[in-house]
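Peer 1: Sequence:
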Amino acid sequence: MNLREYLKRKHNEITWRERIHITDDLTFALSKIHKNGVIHKNLHSGNVLFNQRNKQFYITDLGFRGPADRPSNSIYGNLPYIAPEIISGKEITFASDIYSIGILMWEISFGKPPFIYQEDELFLAMNIINGIRPKIESGIPLEYKKLMMQCWDADPKRRPNIGVLNNKIFEMRKHCQNISNDSNSNNSKNEGMIKKFIKKLKVFQPKTNDILEISEISNLNETDYKLFTSKVYAFEDFPEPRNGTEGMY
1 MNLREYLKRK HNEITWRERI HITDDLTFAL SKIHKNGVIH KNLHSGNVLF NQRNKQFYIT
61 DLGFRGPADR PSNSIYGNLP YIAPEIISGK EITFASDIYS IGILMWEISF GKPPFIYQED
121 ELFLAMNIIN GIRPKIESGI PLEYKKLMMQ CWDADPKRRP NIGVLNNKIF EMRKHCQNIS
181 NDSNSNNSKN EGMIKKFIKK LKVFQPKTND ILEISEISNL NETDYKLFTS KVYAFEDFPE
241 PRNGTEGMY
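Residues 1 to 249 in the UniProt record's numbering are what the sequence shown spells out, letter by letter.
Derived from the structure by calculation, the hints contain no laboratory data. All the pointers check out, no bait thrown in.
No farther apart than 30 angstroms at their CA atoms in a straight line, the calculated lysine-lysine pairs in the DSSO-like style are these: (1) K10 <-> K55; (2) K174 <-> K35; (3) K145 <-> K32; (4) K35 <-> K157; (5) K8 <-> K168; (6) K35 <-> K168; (7) K35 <-> K55; (8) K10 <-> K145; (9) K146 <-> K55.
Quick list of simulated restraints, FRET-style, between CB atoms: (10) Q177 <-> K90: 34 to 40 angstroms; (11) K35 <-> K146: 20 to 26 angstroms; (12) Q56 <-> E236: 37 to 43 angstroms; (13) M126 <-> K174: 37 to 43 angstroms.
For each residue, glycine too, the CB sits at the ideal point set by N, CA and C.
Input sequences plus hints: build the corresponding full structure.
Peer 2: Right under this line is the structure:
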């Protein structure tokens with residue numbers, strides 16, 4: 001089962017602790033790829049697979065860049081996850097993978113693919129160039145949100161590298177695990193530790209219930225995902241990417 005299918009099936013069951021766990025799996029896997037000097041080039045929720053045996057997620061389809069006969073000036077990928085600089089004709093870099101991770105962080109947060117109601121490829125591509133990103137709803141931990149937005153910054157140089165990103169996500173995961181472990185103890189000392197953790201990690205507490213209720217997900221089917229197949233694109237004369245202030249689905 002891939003990540004997209006996993007989130008669709010379990011969107012009302014996954015806690016924030018689990019969402020951070022999934023994100024940590026992804027950033028750890030990408031850190032291994034980047035440490036070997038390799039850029040994935042086509043990260044999306046369809047090529048992140050869940051291992052039922054050890055309950056971990058893994059990145060697949062490494063290095064597949066589409067048909068061998070595609071035009072030299074074209075790009076290949078899953079449009080909602082493609083970094084704006086790639087759409088505008090720049091070279092693919094490690095930072096391009098980080099952008100894709102940022103979009104995946106949003107998808108993990110809200111349980112649905114980004115830009116699910118967009119059907120026009122050119123319109124979506126131009127919106128991405130102009131800084132439009134998936135709309136951030138309430139209930140997302142503030143520190144997680146901050147990292148996510150850094151990852152999808154229009155300027156590749158302002159995105160964190162995978163080492164920094166993985167370390168910060170791993171720290172979130174450890175804190176969440178500590179809170180969970182302490183919550184299972186009746187020891188008064190641990191009760192005090194819980195309060196300290198919660199105070200320190202207030203940014204990790206969602207504004208709404210720990211379980212996200214996204215009713216429309218169960219009504220979506222594959223025909224709604226018109227932009228969620230990797231394919232060849234050829235865009236011309238796009239402006240330089242910029243950051244925007246508006247979000248959209």
